[in-house]
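Chain A is fixed; fit chain B onto it per the hints.
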Amino acid sequence: MINKSLKQLSQALAAKQISSVELSTLFLDRIERLNPTLNAFVTVDRKKSLKMALAADARIAAGTAGPLTGIPIAQKDIFCAEGWTTTCGSKMLANFVSPYDATVIHKMHAEAGLVSLGKTNMDEFAMGSSNETSFFGPVRNPWDTSRVPGGSSGGSAAAVAARLAPAATGTDTGGSIRQPAALCNLTGLKPTYGVVSRYGMIAFASSLDQGGPMAASAEDCALLLNTMVGFDERDSTSLDRPVEDYTRDLEKPLNGLRIGLPKEFFGEGCDAEVMTAVRAAIAEYEKLGATTVEVSLPNSHLSVPAYYVIAPAEASSNLSRFDGARYGYRAPEYDNLEQMYEKTRAQGFGAEVKRRIMIGAYVLSHGYYDAYYLQAQRIRRLIANDFVEAFKSCDVIMGPTSPSTAFKLGEKAADPVQMYLSDIYTIAVNLAGLPGMSIPCGFAGGLPVGLQLIGNYFAEGQLLNVAHRYQQATDWHQRRAAIE
Amino acid sequence: MSLTLEQVKRIAHLARIEISDAEALTTQGHLNGIFQLIEEMQAVDTRGVEPMAHAQDVSQRLREDAVTEGDRRAAYQAVAPDTEAGLYLVPKVIE
Chain A
1 MINKSLKQLS QALAAKQISS VELSTLFLDR IERLNPTLNA FVTVDRKKSL
51 KMALAADARI AAGTAGPLTG IPIAQKDIFC AEGWTTTCGS KMLANFVSPY
101 DATVIHKMHA EAGLVSLGKT NMDEFAMGSS NETSFFGPVR NPWDTSRVPG
151 GSSGGSAAAV AARLAPAATG TDTGGSIRQP AALCNLTGLK PTYGVVSRYG
201 MIAFASSLDQ GGPMAASAED CALLLNTMVG FDERDSTSLD RPVEDYTRDL
251 EKPLNGLRIG LPKEFFGEGC DAEVMTAVRA AIAEYEKLGA TTVEVSLPNS
301 HLSVPAYYVI APAEASSNLS RFDGARYGYR APEYDNLEQM YEKTRAQGFG
351 AEVKRRIMIG AYVLSHGYYD AYYLQAQRIR RLIANDFVEA FKSCDVIMGP
401 TSPSTAFKLG EKAADPVQMY LSDIYTIAVN LAGLPGMSIP CGFAGGLPVG
451 LQLIGNYFAE GQLLNVAHRY QQATDWHQRR AAIE
Chain B
1001 MSLTLEQVKR IAHLARIEIS DAEALTTQGH LNGIFQLIEE MQAVDTRGVE
1051 PMAHAQDVSQ RLREDAVTEG DRRAAYQAVA PDTEAGLYLV PKVIE
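As you go down the protein sequences, you meet chains A and B in turn. For what it's worth, our numbering labels the leading residue of the first sequence as 1, then goes sequentially. For what it's worth, our numbering labels the leading residue of the second sequence as 1001, then goes sequentially.
Don't take each hint at face value.
Simulated restraints, written as ranges between beta carbons of each label pair [said to hold, decoys possible]:
1. S365(A) - D1071(B): 35 to 45 Å
2. L1025(B) - D335(A): 19 to 29 Å
3. T292(A) - Q1056(B): 24 to 34 Å
4. V1067(B) - N95(A): 26 to 36 Å
5. V1067(B) - A414(A): 49 to 59 Å
6. E333(A) - Y1076(B): 24 to 34 Å
7. L1025(B) - E484(A): 22 to 32 Å
These aren't lab readings, by the way, just hints derived from the structure by calculation. Backbone N, C-alpha and C fix where the C-beta goes; we use that ideal spot for every residue, glycine too.
Just chain A, same shape as in the assembly (with noise of 0.2 Å):
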């Protein structure tokens, strides 16, 4: 049961075969025997899953259902949850319950009526591709424990990569679906900017984050998705367009299908196994009917440069809300109101966040905003407009999601640069905004490789049908972490 997909738990469900308790129940079980060696969750709360599973069981028998009612899922500690700890991963909100849900934790309780298994470990404030600057320790990657699953979404990427949960939402600032999903042999989806609500998702880099499905396979997520979009007056960036069903293309034939391959994925940085998977997926899908044309995204390379302004920039204005006086961590002692800001944030936050506020301070402050600020949008600007050159002769772009296979923990943890370099093949999604998918690809010395597919704006129905032709021809998404 527990490495069924969620149409199939759904029909198991609609069948009766077994109950939305006897399901939560086996995946909460499944929690508390292997999270102690991974630390996917930080927050487990049997009472409340459970409490919601019978409500749905109780939709199920009145025939009210929706297609995912009493289907577990592991929510990504970002996402505040009315009554349940949501601490983002920092002492800062480590002991903060939530007096308000998000609008996609609305969405999936209330309306889909999806069960909580609980909140899943992830960097500081999602600023991490490693899972280890989280105050509650770093997560395992299932496929070998002295790897890291990625960052920021580790603990959803670990926790449905070992079976913990059938999916789990994550976000993706600068490719924490992504990085995370091909580290752990799963499939994630970061939807155009402003297609999934912000509201009650803990801020980051507001013009860049977006939230978004991670799952076994494109199916999965695609049902997960139509759960999670839709239009919502309480963020000021969400786009109001009509609603899509995120399966309806699915089965869409791939013939004609034109792939781009930018030069820049494809030169050096890249692990040469890594780049052989990807080689191996891209003809795979040539066999499926599709043809390849070589592209060019020439300011590729200044994503990271650029990410690393614009991001802190933005995160060092949505974190000046830590300030010890409404909610979240204060400082114990203090003699005055600026000390009690001073000491609340160098106590709450770490190391890792501390670095982008600072970062982010200096380059707003007065003098350097033009240099530093101003010139990273315009590269933003460049950046963007390399993809709208690229999609005029291509309909999806592929490559490496991420340069490497998963590192050993503490590998790069002593250098940030180092980190940083881990999303130069996902960062510049974000900052166009455009959707984008990691796909199981093959592995490298035992460890999953990610296929990245890169869509144009509100592609997300096209992408998700050129995943799941791939995965009906392939068999990687369905490889397990052996984990018991």
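Chain B alone, transformed into the frame defined by chain A:
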């Protein structure tokens, strides 16, 4: 570009983060490494390029100036470090 120790302390103060001399020294090394990465931007000629603040070219929505949220003060203040009589308590600001 290279940040001096004094600049690092100044930035920490701007960000309202207390920093010890030892921490400032480590931070200086890290920040200078990061700024070295960022410097790659400076060689790019971006004259005439419109800065891009957002992925979607849409203007900010406006709504009616009307109350839409109910009163949940008690719930919101339940998570505050220190409150009294419906007010947030902080150290004395005005003498």
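Against the structure, the hints:
no., hint, in the structure
1, S365(A) - D1071(B): 35 to 45 Å, "39 Å, holds"
2, L1025(B) - D335(A): 19 to 29 Å, "26 Å, holds"
3, T292(A) - Q1056(B): 24 to 34 Å, "29 Å, holds"
4, V1067(B) - N95(A): 26 to 36 Å, "30 Å, holds"
5, V1067(B) - A414(A): 49 to 59 Å, "51 Å, holds"
6, E333(A) - Y1076(B): 24 to 34 Å, "26 Å, holds"
7, L1025(B) - E484(A): 22 to 32 Å, "46 Å, violated"
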